[in-house]
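Novice: Residue-level listing of the chains:
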Amino acid sequence: MADDLLKPDELLARTDHRPPATGWMDTPVNIRKGMYCYAANPKSVEYLSLPYARQWNPVEDDWKLPENWKQIIFEGIRERLDKFRSFKIFMDICVRCGACADKCHFFIGTGDPRNMPVLRAELLRSIYRNDFTTAGKIFGKVAGARPMTTEVLKEWWYYFFQCTECRRCSVFCPYGIDTAEITIIARELLNLLGLNIDWIATPVANCFRTGNHLGIQPHAFKDMLEFFVDDLEEITGIKVEPSFNRKGADILFITPSGDVFADPGTYTCMGYMLLFHYLREKYGFDITWSTYASEGGNFGFFTSHETMKRLNSKMYAEAKRLGVKWILGGECGHMWRVIHQYMDTMNGPADFLEEPVSPITGTKFESSRGTKMVHIAEFLADLIKHGKLDLDPGRNDNVKVTFHDSCNPARGMGLLDEPRYVIKNVCKHFYEMPPNTIRENTFCCGSGSGLNAGEDMELRLSGGLPRANAVKYVHQKHGVNMLACVCAIDRAVLPPLMDYWVPGVGVTGLTELVANALILPGEKERETNLRGEPLPGMEE
Amino acid sequence: MNAKYMFSLVAVIVLFLLAYAGVEAAGLHVLFGVVIPYAAIAVFTVGFVWRIVNWAQSPVPFRIPSTCGQQKSLPWIKPAVIDNPATTGAVVIRMILEILFFRSLFRNLKFHFNEGNRFSYIWEKWLWLGALAFHWAFLAVVVRHLRFFAEPVPFWVQWVEQLDSFFRVEFITDFLQIGLPGIFLSGLVLLAATIYLLLRRIVIPQVKYISLAADFFPLFLIIGIALSGILMRYFLKEDIVGIKEFTMGLVTFHPSIPKNVSGIFYVHLFFVSVLLAYFPFSKLMHLGGIFMSPTRNLANNSRTQRHVNPWNYPVKVHSYEEYEEEFREKMIEAGLPVEKEL
Ligand code: HEM
Ligand code: SF4
Ligand code: SF4
Chain A
140 MADDLLKPDE LLARTDHRPP ATGWMDTPVN IRKGMYCYAA NPKSVEYLSL PYARQWNPVE
200 DDWKLPENWK QIIFEGIRER LDKFRSFKIF MDICVRCGAC ADKCHFFIGT GDPRNMPVLR
260 AELLRSIYRN DFTTAGKIFG KVAGARPMTT EVLKEWWYYF FQCTECRRCS VFCPYGIDTA
320 EITIIARELL NLLGLNIDWI ATPVANCFRT GNHLGIQPHA FKDMLEFFVD DLEEITGIKV
380 EPSFNRKGAD ILFITPSGDV FADPGTYTCM GYMLLFHYLR EKYGFDITWS TYASEGGNFG
440 FFTSHETMKR LNSKMYAEAK RLGVKWILGG ECGHMWRVIH QYMDTMNGPA DFLEEPVSPI
500 TGTKFESSRG TKMVHIAEFL ADLIKHGKLD LDPGRNDNVK VTFHDSCNPA RGMGLLDEPR
560 YVIKNVCKHF YEMPPNTIRE NTFCCGSGSG LNAGEDMELR LSGGLPRANA VKYVHQKHGV
620 NMLACVCAID RAVLPPLMDY WVPGVGVTGL TELVANALIL PGEKERETNL RGEPLPGMEE
Chain B
7 MNAKYMFSLV AVIVLFLLAY AGVEAAGLHV LFGVVIPYAA IAVFTVGFVW RIVNWAQSPV
67 PFRIPSTCGQ QKSLPWIKPA VIDNPATTGA VVIRMILEIL FFRSLFRNLK FHFNEGNRFS
127 YIWEKWLWLG ALAFHWAFLA VVVRHLRFFA EPVPFWVQWV EQLDSFFRVE FITDFLQIGL
187 PGIFLSGLVL LAATIYLLLR RIVIPQVKYI SLAADFFPLF LIIGIALSGI LMRYFLKEDI
247 VGIKEFTMGL VTFHPSIPKN VSGIFYVHLF FVSVLLAYFP FSKLMHLGGI FMSPTRNLAN
307 NSRTQRHVNP WNYPVKVHSY EEYEEEFREK MIEAGLPVEK EL
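From first to last, the protein sequence lines stand for chains A and B. The numbering of the first sequence is our numbering, which starts it at 140 and goes up by one. The numbering of the second sequence is our numbering, which starts it at 7 and goes up by one.
Just so you know, the hints here were simulated from the structure itself, not pulled from any lab data. Where a beta carbon is used, it is the ideal one built from N, C-alpha and C, also for glycine. Hints are not guaranteed to be accurate.
[Said to hold, decoys possible] Below, in silico cross-link-like pairs of lysine-lysine (DSS-like), each with a Cα-Cα straight-line distance of 25 angstroms or less: (1) A/K503 - B/K289; (2) A/K386 - B/K346; (3) B/K336 - A/K182; (4) A/K386 - B/K336.
[Unchecked claim] Computed spacing ranges between beta-carbons, pair by pair: (5) B/K84 - A/E420: 31 to 37 angstroms; (6) A/P286 - B/P158: 54 to 60 angstroms; (7) B/H151 - A/E206: 52 to 58 angstroms; (8) B/P211 - A/N180: 39 to 45 angstroms; (9) A/P147 - B/L191: 48 to 54 angstroms.
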């Protein structure tokens, strides 16, 4: 964490929710250190053949825009109005009732009025009115219109990269106006001018080339998992044998690469490996990993619809090449929004796959019969319901768990009770955060949609404040010391958030908790959990 | 003083003067009584249809409902049937709840930043109540007005009237006699709710900050409509029979100018005309938009049913072959299976 970061109390003290005296159209933007991410590396932009790759710096005056940039934006808006009814309607019907205003974690955490979802949308809407509506053309500023300028473009860039596309605002809007959708379109427009952030552009380029955001090459990917094989052997006395790119396997497993790479996601990854070993030993379960489709996440989604499709295509392509029956997906937030709401439409139909059936319980996963991809929480809940896992929840007795609903599975899918069911079966101490902060009302981690860089830490900590505050409540009330989640970005970003606002709370994936409780056939007496920490009763 | 609402207030006052002076001083009865109302209806109808058609021309490429509850997944997990609809039937119920009862607004949680850095999110129902009162009262008023445009008066209009004047208020003193000809609740509720919505915009700092002149204008206009209507009904006691002859003339395309009708009637009519003509070009189009909002009117079934994007096009992908081509040597060395040996 950067040294010049404010202390938590200082950060809270500077947060003022009273709007400034000058109207937002007349208040200049100040692109402030700690609140923005670095500009995209031109090499990454180029690798994807996206336009206007160049070196530029957000805090410099000259963004080296192409000569005709206004024309490009204008045409870009027009094209998208014709392609997306959502965009057109959301531009037209907002009544500025303000119901969404205090729903955004970035507004709550920063107090910056442009972080009210309605104002974020107005940044773009004002230009839309000016260029595309009769009222805007005639009445100008009175009708809320303003002409496009470089100032406006910079404002867009700054604030559309201060929205995590979490959709909390859309739950409360009486018309369902989804500012995330507006942000998605706005980022597409910015990308037409090469104005991406590097934390998105480079992972996307990596993913295109190597199959995963981190740029892990196939041999290294295998190495990394084999490293976990050794760790697991030490902990359980059992040698698991993951298989890779194996043709003819029943099922293909795809999960975010973040879990292969960094703690505490790695423990979730080890959890998957133990689970699959257990299922193979007991029930002959047959699953393979892929190095080509080695990324569940999709930072293309944060670039443009087209880039999302380009990256997502690997899932079905690989499933087809390997000849599996269906796909099992790991724990990740935006990955599941893409799979659930976009994948079949973009890259389907997956008619070369079979309707998913659990080979262990015989359950037909009706709800994924079209896409042919099942969420690991659904898969696990079904296994537990049928009593197919030998579990010792006592091994998780040293954790008091609460569950963070990731935005995308919550508001873009509705995966709420499956993970809770699983947790309650593998942990004895589970406490919910206050109802207005979970399920469809859940608060974002503050770092989603590609904003989980290091340089924007102040933004992330401000945006994560409402989530942290709710964790703090159960931490103080029930002694909760573990925040469970089903998202790889959460696992990467919640630990620093907790350290900052609620020290003493760790972060875990769902499958890590399961694997800790799972009794493997022939395992040695386990003394530690997957993290190498002593199990309850095993402390010296 | 705030320029945004002053602008809208002044605009509505100017409209008032235009109509009042236009009729009382300049005698433009035909312009304000016949020409402008017809023009307004025409603009409204054409404009409204054009907007809806224009929206409909843009496709819905992806299913993006906002899911506000448990999905339908495993048979033993209870789904939120309405807030996360899996079928068209459930979507219809969701939409009915949104349109008739403002379901989403009902969820409103107000954020408070309390002492000791404690946050709270409290259920806030005033906006919902105010909005509901405003819209239902508006609807009741509109339905009641149909009595002026149909002969005989349809039975359901009479029902609404009866329901509306059910709470009959009688207030008779030596100076002031209201209560006859019966008070309609809707007019008063409409006025009160509109004033509430207006005050909200002026008083709540955040709402004030996001408001545009275009947000104040319809509120002032509707207050103007309600006030002029109330004035005519309870105080000026306009010649109802004459007005009905006039309005029936309008609908049967035999317009004739009534006698004994005051300038306030023309103001009322002009305000309504302005509202109608303004409607298609403004946020008031939320009336149509709410039906077509893709985050609300789609079923959350994209993993079971195929949904086709009409403009889906092939994109440049990085195929497995290209991938293996680049890494083949390393893959073989690591013992990973390959399609093509070296
Ligand atoms: C299906 C029909 C309609 C629905 C579901 C609907 C719904 C809503 C909702 C939920 C709001 C936000 C809450 C609020 O600010 O009051 C609103 C605002 C508003 N509606 Fe409607 N509405 C409809 C039709 C109309 C019509 C016909 C008018 C005619 C004038 C109208 C005028 C307004 C105005 C002026 C506002 C803004 C209130 C403000 O400034 O605070 N609505 N509407
Ligand atoms: S809740 Fe919806 S209508 Fe109200 S201000 Fe926000 S986006 Fe606009
Ligand atoms: S999608 Fe989330 S981050 Fe973006 S404006 Fe809405 S509430 Fe804020």
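Novice: Take the hints in turn and mark each one as holding or not.
Specialist: Now the hints, each set against the structure:
1. A/K503 - B/K289: violated, 46 angstroms
2. A/K386 - B/K346: Measuring from Cα to Cα gives roughly 14 angstroms; hence the hint holds.
3. B/K336 - A/K182: It holds: about 24 angstroms lies between the C-alpha atoms, which stays within 25 angstroms.
4. A/K386 - B/K336: Roughly 19 angstroms separates the two Cα atoms, so the pair holds.
5. B/K84 - A/E420: 31 to 37 angstroms: holds, 33 angstroms
6. A/P286 - B/P158: 54 to 60 angstroms: holds, 55 angstroms
7. B/H151 - A/E206: 52 to 58 angstroms: The hint (52 to 58 angstroms, Cβ to Cβ) holds, given that B/H151 and A/E206 are roughly 57 angstroms apart.
8. B/P211 - A/N180: 39 to 45 angstroms: holds, 41 angstroms
9. A/P147 - B/L191: 48 to 54 angstroms: holds, 53 angstroms
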